[in-house]
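Participant: These are the residues of each chain, in order.
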Amino acid sequence: GAGVSQSPRYKVAKRGQDVALRCDPISGHVSLFWYQQALGQGPEFLTYFQNEAQLDKSGLPSDRFFAERPEGSVSTLKIQRTQQEDSAVYLCASSPHGGQANTGELFFGEGSRLTVL
Amino acid sequence: GESVGLHLPTLSVQEGDNSIINCAYSNSASDYFIWYKQESGKGPQFIIDIRSNMDKRQGQRVTVLLNKTVKHLSLQIAATQPGDSAVYFCAENSVKLTFGTGTRLTIIP
Numbered sequence: 001g002a003g004v005s006q007s008p009r010y011k012v013a014k015r016g017q018d019v020a021l022r023c024d025p026i027s028g029h030v031s032l033f034w035y036q037q038a039l040g041q042g043p044e045f046l047t048y049f050q051n052e053a054q055l056d057k058s059g060l061p062s063d064r065f066f067a068e069r070p071e072g073s074v075s076t077l078k079i080q081r082t083q084q085e086d087s088a089v090y091l092c093a094s095s096p097h098g099g100q101a102n103t104g105e106l107f108f109g110e111g112s113r114l115t116v117l
Numbered sequence: 001g002e003s004v005g006l007h008l009p010t011l012s013v014q015e016g017d018n019s020i021i022n023c024a025y026s027n028s029a030s031d032y033f034i035w036y037k038q039e040s041g042k043g044p045q046f047i048i049d050i051r052s053n054m055d056k057r058q059g060q061r062v063t064v065l066l067n068k069t070v071k072h073l074s075l076q077i078a079a080t081q082p083g084d085s086a087v088y089f090c091a092e093n094s095v096k097l098t099f100g101t102g103t104r105l106t107i108i109p
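Just so you know, the sequences run in chain order B and R.
Going letter by letter, the first sequence gives residues 1 to 117 in the working numbering.
Going letter by letter, the second sequence gives residues 1 to 109 in the working numbering.
Mixed in with the good hints there might be a few duds.
Listed next, the in silico SDA-like pairs over lysine to any residue satisfying Cα-Cα at most 20 Å (straight line) [said to hold, decoys possible]:
{"no.": "1", "chain 1": "R", "residue 1": "K96", "chain 2": "B", "residue 2": "F45"}
{"no.": "2", "chain 1": "R", "residue 1": "K96", "chain 2": "B", "residue 2": "E105"}
{"no.": "3", "chain 1": "R", "residue 1": "K42", "chain 2": "B", "residue 2": "T115"}
{"no.": "4", "chain 1": "R", "residue 1": "K42", "chain 2": "B", "residue 2": "E44"}
{"no.": "5", "chain 1": "R", "residue 1": "K96", "chain 2": "B", "residue 2": "E44"}
{"no.": "6", "chain 1": "R", "residue 1": "K42", "chain 2": "B", "residue 2": "S5"}
{"no.": "7", "chain 1": "R", "residue 1": "K96", "chain 2": "B", "residue 2": "G98"}
{"no.": "8", "chain 1": "R", "residue 1": "K42", "chain 2": "B", "residue 2": "R113"}
{"no.": "9", "chain 1": "R", "residue 1": "K96", "chain 2": "B", "residue 2": "A38"}
{"no.": "10", "chain 1": "R", "residue 1": "K42", "chain 2": "B", "residue 2": "G3"}
{"no.": "11", "chain 1": "R", "residue 1": "K96", "chain 2": "B", "residue 2": "H29"}
{"no.": "12", "chain 1": "B", "residue 1": "K78", "chain 2": "B", "residue 2": "R9"}
{"no.": "13", "chain 1": "B", "residue 1": "K11", "chain 2": "B", "residue 2": "F65"}
{"no.": "14", "chain 1": "R", "residue 1": "K42", "chain 2": "B", "residue 2": "D24"}
{"no.": "15", "chain 1": "B", "residue 1": "K78", "chain 2": "B", "residue 2": "N51"}
{"no.": "16", "chain 1": "R", "residue 1": "K42", "chain 2": "B", "residue 2": "G40"}
{"no.": "17", "chain 1": "R", "residue 1": "K96", "chain 2": "B", "residue 2": "S58"}
{"no.": "18", "chain 1": "R", "residue 1": "K56", "chain 2": "R", "residue 2": "N22"}
{"no.": "19", "chain 1": "B", "residue 1": "K78", "chain 2": "B", "residue 2": "Q50"}
{"no.": "20", "chain 1": "R", "residue 1": "K42", "chain 2": "B", "residue 2": "V12"}
{"no.": "21", "chain 1": "R", "residue 1": "K96", "chain 2": "B", "residue 2": "E52"}
{"no.": "22", "chain 1": "B", "residue 1": "K78", "chain 2": "B", "residue 2": "L117"}
{"no.": "23", "chain 1": "R", "residue 1": "K96", "chain 2": "B", "residue 2": "L60"}
{"no.": "24", "chain 1": "R", "residue 1": "K96", "chain 2": "B", "residue 2": "E68"}
{"no.": "25", "chain 1": "R", "residue 1": "K42", "chain 2": "B", "residue 2": "Q41"}
{"no.": "26", "chain 1": "B", "residue 1": "K57", "chain 2": "R", "residue 2": "K96"}
{"no.": "27", "chain 1": "B", "residue 1": "K11", "chain 2": "B", "residue 2": "T76"}
{"no.": "28", "chain 1": "R", "residue 1": "K42", "chain 2": "R", "residue 2": "V87"}
{"no.": "29", "chain 1": "R", "residue 1": "K68", "chain 2": "R", "residue 2": "N22"}
{"no.": "30", "chain 1": "R", "residue 1": "K56", "chain 2": "R", "residue 2": "V70"}
{"no.": "31", "chain 1": "R", "residue 1": "K42", "chain 2": "B", "residue 2": "R22"}
{"no.": "32", "chain 1": "R", "residue 1": "K96", "chain 2": "B", "residue 2": "H97"}
{"no.": "33", "chain 1": "B", "residue 1": "K11", "chain 2": "B", "residue 2": "R81"}
{"no.": "34", "chain 1": "R", "residue 1": "K96", "chain 2": "B", "residue 2": "Q41"}
{"no.": "35", "chain 1": "R", "residue 1": "K56", "chain 2": "B", "residue 2": "G104"}
{"no.": "36", "chain 1": "R", "residue 1": "K96", "chain 2": "B", "residue 2": "Q54"}
{"no.": "37", "chain 1": "R", "residue 1": "K96", "chain 2": "B", "residue 2": "V30"}
{"no.": "38", "chain 1": "R", "residue 1": "K56", "chain 2": "R", "residue 2": "K71"}
{"no.": "39", "chain 1": "R", "residue 1": "K68", "chain 2": "R", "residue 2": "D49"}
Derived by calculation from the structure, the hints in this document are not laboratory data.
Chain R with its partners taken away, still in its complex shape (with noise of 0.2 Å):
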């Protein structure tokens, strides 16, 4: 079946360093893409979001990309900050949004 995935469930990165977050999806009919934050105990936050016609967009401190030759995207965080610890979700949407599993982010200070 259809299915929006991630390839690494832990991602731990020094201070300061940047992180990548990447994410794989199955429906290649999917036309809108999401990444969402959430924190322990709390909802989903919406971070950043990406239309199948770009295959960039950035916002503050992070970057999204979109390869849907090998149906791939990637959240990149820059100069990631202690405030950034949480499980990222990508969503694919295109009849309803659908998430993956996530990825954890740890911060190491």
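Bound conformation, chain B alone (with noise of 0.2 Å):
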């Protein structure tokens, strides 16, 4: 399709595990975004891309937190070593434009459902 594809929809990890999320973004988009979004909350920033560029990762709560986008396009967020406080759903967006602010309309994938038990 030509959205933002995001999988697995629903992972389910022993608290412990790595787990790690994919997303492939809109075809061309340059900026690529994940936030992460508890149960009844808003979404909240967790690291921005443009291209292949980390430009920033202050969101992130932990240092076990790691998202990487080699090539500019596909990004994996990686999450290790996992606890029950990190059950939320993992949302990616990306846009056409460079540059956070002011970015315009972000398209967003359905998410990742973490479930950590």
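Mind docking these for me? Both chains are given alone in their own frames, and the hints should help you get the complex.
Facilitator: Structural data, given as structure tokens:
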């Protein structure tokens, strides 16, 4: 399809396991964002890429969280040694514009719901 | 700290009536605002945006009003339909996109 694709849609992990969440942005989109959305809350910014460069990772909650976009297209969010508080929906968004400020419309995927037992 | 928030967490509206969803922001440097709609199990979907040099912008059945004096914006949905049921977020974008908690809009048939 033409939209942002995320996989897996649902992931259940045991506490302490590592997980990897994938995002396929819209082809040609320069900017890519990861957000974390806890139940009943708004999305919280995690990190931002412009092409392959990770320009802002200020929202990553701990050093257990790592994101990459090696070729400026597909991105992976990795969470090591998952904890129960990591349970959330992880949203990926892309934009054809460069730069975070005044980015205009962000196109969101449907998210990956992570449940840590 | 700076925040974007909403006055009401839930709103129930009769089908066919107009809906008004409010949002307050605290960062006076914010110069760009966006409303998103999120249906259950889906990602947020862009509705409409407005820049700080405007006080009103209209789309299809939606209008966003911005009052910079009191740092308030609202989303008006005309002739609310069942398909409008969702959580609505305002977001402020000065350095990065910051979302509020959201308002759940429920349509009463």
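Participant: Now look at each hint and say whether the structure bears it out.
Facilitator: Do the hints match the structure? See the list:
1. With a C-alpha separation of about 8 Å, the suggested pairing of K96/R with F45/B holds against the 20 Å cut-off.
2. For the given pair, K96/R sits about 13 Å from E105/B by alpha-carbon distance, which is consistent with the 20 Å threshold.
3. Using a Cα cut-off of 20 Å, the hinted pair K42/R and T115/B holds, with the two alpha carbons roughly 17 Å apart.
4. With a CA separation close to 16 Å, the supplied pair K42/R and E44/B stays within the 20 Å bound.
5. For the hint pairing K96/R with E44/B, the CA-to-CA distance comes to about 10 Å; that is within 20 Å, so the pair holds.
6. Our distance criterion of 20 Å between C-alpha atoms is met by K42/R and S5/B, whose separation comes to about 12 Å.
7. Note on K96/R and G98/B: the hinted pairing holds, with a Cα-Cα distance of about 12 Å set against a maximum of 20 Å.
8. For the given pair, K42/R sits about 11 Å from R113/B by alpha-carbon distance, which is consistent with the 20 Å threshold.
9. A C-alpha spacing of about 19 Å is found between K96/R and A38/B, which places the hinted pair at or below 20 Å, so the restraint holds.
10. A distance of roughly 12 Å separates the Cα atoms of K42/R and G3/B; the hinted pair therefore holds under the 20 Å criterion.
11. Between K96/R and H29/B the alpha-carbon distance is near 17 Å, which keeps this suggested pair within the 20 Å criterion.
12. Taking the CA atoms of K78/B and R9/B, the gap is about 15 Å. The hint holds against a cut of 20 Å.
13. Distance check on the hinted pair: K11/B and F65/B sit about 16 Å apart at the alpha-carbon level, within 20 Å; holds.
14. With a C-alpha separation of about 16 Å, the suggested pair K42/R and D24/B falls inside the 20 Å cut-off, and the hint holds.
15. Between K78/B and N51/B the alpha-carbon distance is near 18 Å, which keeps this suggested pair within the 20 Å criterion.
16. Under the criterion of a C-alpha separation no larger than 20 Å, the hint pairing K42/R with G40/B is consistent with the structure, at around 14 Å.
17. Restraint check: the Cα-Cα separation between K96/R and S58/B comes to about 11 Å, which is no more than 20 Å; the hinted pair holds.
18. For the proposed pair K56/R and N22/R, the alpha carbon gap of about 14 Å is at most 20 Å, so the pair holds.
19. Using a Cα cut-off of 20 Å, the hinted pair K78/B and Q50/B holds, with the two alpha carbons roughly 18 Å apart.
20. For the hint linking K42/R to V12/B, the alpha-carbon distance of about 19 Å falls within 20 Å, and the restraint holds.
21. The hinted pair formed by K96/R and E52/B meets the criterion: a straight-line CA distance of about 18 Å does not exceed 20 Å.
22. With a CA separation close to 17 Å, the supplied pair K78/B and L117/B stays within the 20 Å bound.
23. At most 20 Å may separate the alpha-carbon atoms for a hinted pair to count; K96/R and L60/B meet this at roughly 14 Å.
24. Pair hint K96/R plus E68/B holds up; C-alpha atoms about 19 Å apart against a cutoff of 20 Å.
25. The straight-line distance between the Cα atoms of K42/R and Q41/B is roughly 14 Å, inside the 20 Å bound, and the hint therefore holds.
26. Simply put, K57/B and K96/R have alpha-carbon atoms about 11 Å apart, close enough for the 20 Å limit, and the pair holds.
27. A threshold of 20 Å between alpha carbons decides the hint, and for K11/B with T76/B the separation of about 14 Å falls inside it, so the pair holds.
28. For the proposed pair K42/R and V87/R, the alpha carbon gap of about 11 Å is at most 20 Å, so the pair holds.
29. For the hint pairing K68/R with N22/R, the CA-to-CA distance comes to about 14 Å; that is within 20 Å, so the pair holds.
30. For a cut-off of 20 Å, the pair hint linking K56/R to V70/R stands: about 15 Å separates their Cα positions.
31. Of the pairs offered as hints, the one joining K42/R and R22/B holds, with about 16 Å between alpha carbons and a cut-off of 20 Å not exceeded.
32. Taking the CA atoms of K96/R and H97/B, the gap is near 13 Å; set against the 20 Å cutoff, the hint holds.
33. Between K11/B and R81/B the alpha-carbon distance is near 14 Å, which keeps this suggested pair within the 20 Å criterion.
34. Taking the CA atoms of K96/R and Q41/B, the gap is near 18 Å; set against the 20 Å cutoff, the hint holds.
35. About 17 Å separates the Cα atoms of K56/R and G104/B, which keeps this hinted pair within 20 Å; it holds.
36. Under the criterion of a C-alpha separation no larger than 20 Å, the hint pairing K96/R with Q54/B is consistent with the structure, at around 14 Å.
37. With a CA separation close to 16 Å, the supplied pair K96/R and V30/B stays within the 20 Å bound.
38. With a C-alpha separation of about 14 Å, the suggested pairing of K56/R with K71/R holds against the 20 Å cut-off.
39. Distance hint between K68/R and D49/R is fulfilled; the C-alpha atoms sit about 15 Å from each other, no more than 20 Å.
In summary, this structure violates none of the numbered hints.
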